[in-house]
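All residue numbers for the sequence shown refer to this note's numbering, where the first residue is 15 and numbers rise by one.
Honestly, the hints are just simulated from the structure, not real lab data. It cannot be assumed that every hint is accurate.
Stated by the list, open to error - Taking CB as the label site, the calculated pair distances span:
1) Leu21 - Leu48: 41 to 51 Å
2) Ile53 - Asn84: 18 to 28 Å
3) Asp24 - Asp80: 38 to 48 Å
4) Tyr71 - Thr51: 14 to 24 Å
5) Gly88 - Gln38: 31 to 41 Å
6) Thr63 - Gly32: 15 to 25 Å
7) Gly60 - Gln20: 23 to 33 Å
8) Asn40 - Glu19: 42 to 52 Å
9) Glu34 - Gly88: 30 to 40 Å
Predicted, not measured: the structure shown is a model, and the values here were computed from it. Cβ atoms here follow ideal geometry from the backbone N, Cα and C, with glycine treated the same way.
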Amino acid sequence: MDTDEQLETDISLLGATGIEEHLQENVPETIMALRETGIQVWGVTGDKTETAVNIGYACRLLEEEDLVINMSCGNKVRRPLSHGRLAA
Numbered sequence: 015m016d017t018d019e020q021l022e023t024d025i026s027l028l029g030a031t032g033i034e035e036h037l038q039e040n041v042p043e044t045i046m047a048l049r050e051t052g053i054q055v056w057g058v059t060g061d062k063t064e065t066a067v068n069i070g071y072a073c074r075l076l077e078e079e080d081l082v083i084n085m086s087c088g089n090k091v092r093r094p095l096s097h098g099r100l101a102a
């Protein structure tokens with residue numbers, strides 16, 4: 015049995031909260047200005063896919079016709095990196 019399953023037994027939710035973060039001023043306009051000049055703008059994030067895509071649309075980094083590529087890695091590197099290479 016996983017630790018979370020052991021700990022989260024016979025509990026009741028007493029309350030919940032949510033936080034909405036707002037974009038800084040002029041982010042959508044700045045991104046559009048960069049794109050209009052031909053500069054490619056990329057976004058890389060560790061957010062959940064749904065969150066990242068929603069932020070992408072909100073800041074106009076993404077438009078309806080854009081291709082969204084979602085990549086993930088099932089195998090995590092467990093050894094530390096040494097000068098950009100896996101340690102032996």
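Violated constraints from the hint list, given by number and in increasing order: Of the numbered hints given earlier, the structure breaks none, since each of them holds.
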